[in-house]
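**Q** Read off the chains here:
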Amino acid sequence: DGGITQSPKYLFRKEGQNVTLSCEQNLNHDAMYWYRQDPGQGLRLIYYSQIVNDFQKGDIAEGYSVSREKKESFPLTVTSAQKNPTAFYLCASSIGDRGTEAFFGQGTRLTVV
Amino acid sequence: EDQVTQSPEALRLQEGESSSLNCSYTVSGLRGLFWYRQDPGKGPEFLFTLYSAGEEKEKERLKATLTKKESFLHITAPKPEDSATYLCAVNSRDYKLTFGKGTLLTVNP
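Chain order of the listed sequences is L and V. First residue of the first sequence? That's 1 in my numbering, and the numbers climb one at a time after it. First residue of the second sequence? That's 1 in my numbering, and the numbers climb one at a time after it.
Hints listed in this document are in silico derivations from the structure and should not be mistaken for laboratory results. Treat the hints with caution; some may be incorrect.
Unchecked claim - Below 25 Å or equal to it, Euclidean Cα-Cα: the simulated SDA-like pairs (lysine to any residue) are:
hint : chain 1 : residue 1 : chain 2 : residue 2
1    : V       : 69        : L       : 59
2    : V       : 101       : L       : 54
3    : V       : 101       : V       : 58
Please model the entire structure based on the sequences and the hints provided.
**A** So this is what it looks like as structure tokens:
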């Protein structure tokens, strides 16, 4: 089945540690996105990538980093510089044309302990 | 900057009681307006894409409509399984989607 796989589903991190969230898609989509969701805030864009080896900052990129070495994969690293990392993280992909819908993975819930 | 405002924030209906959710938007050149359904702890599930004013899309008990300033998601004779958060998003001049904060719908049996 084609889809977007995020792992792990739950992740716990100690303060001061970097952590990487995985996102893989087998939809042959060119564009991939990372969103953060907090209660009452809606979805906010962290980073997006239209093609391999290229990505752009979204609205809340500070404290995060990404890479796009393969079309299928778009990992997100939450660094120790992110002041409030506890949130629900969602990865999405689309065919990449303007006006096309994005499809989401099931999310990773990150908790800083 | 694109802006999306959804109302109401929360809506409680009795089973069978039809209603509508609103999504108002401000964009510079709409490329697409999208509706998603999100269940607790899950990723958003795509429902509809609308491109131009006057367009309508239907799926089971849901019907989405679009004007130049807003979109409505009409829910006809809802069932408890329709309970979820409904998200609206727009795409305009670049490739990213801008989301509203969502409407939490609860349908009581």
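**Q** All the hints need checking, so say for each whether the structure fits it.
**A** Structure-based check of each hint:
With a C-alpha separation of about 24 Å, the suggested pair residue 69 of chain V and residue 59 of chain L falls inside the 25 Å cut-off, and the hint holds. Annotation: proposed proximity of residue 101 of chain V to residue 54 of chain L is violated, straight-line Cα distance about 29 Å (limit 25 Å). A threshold of 25 Å between alpha carbons decides the hint, and for residue 101 of chain V with residue 58 of chain V the separation of about 23 Å falls inside it, so the pair holds.
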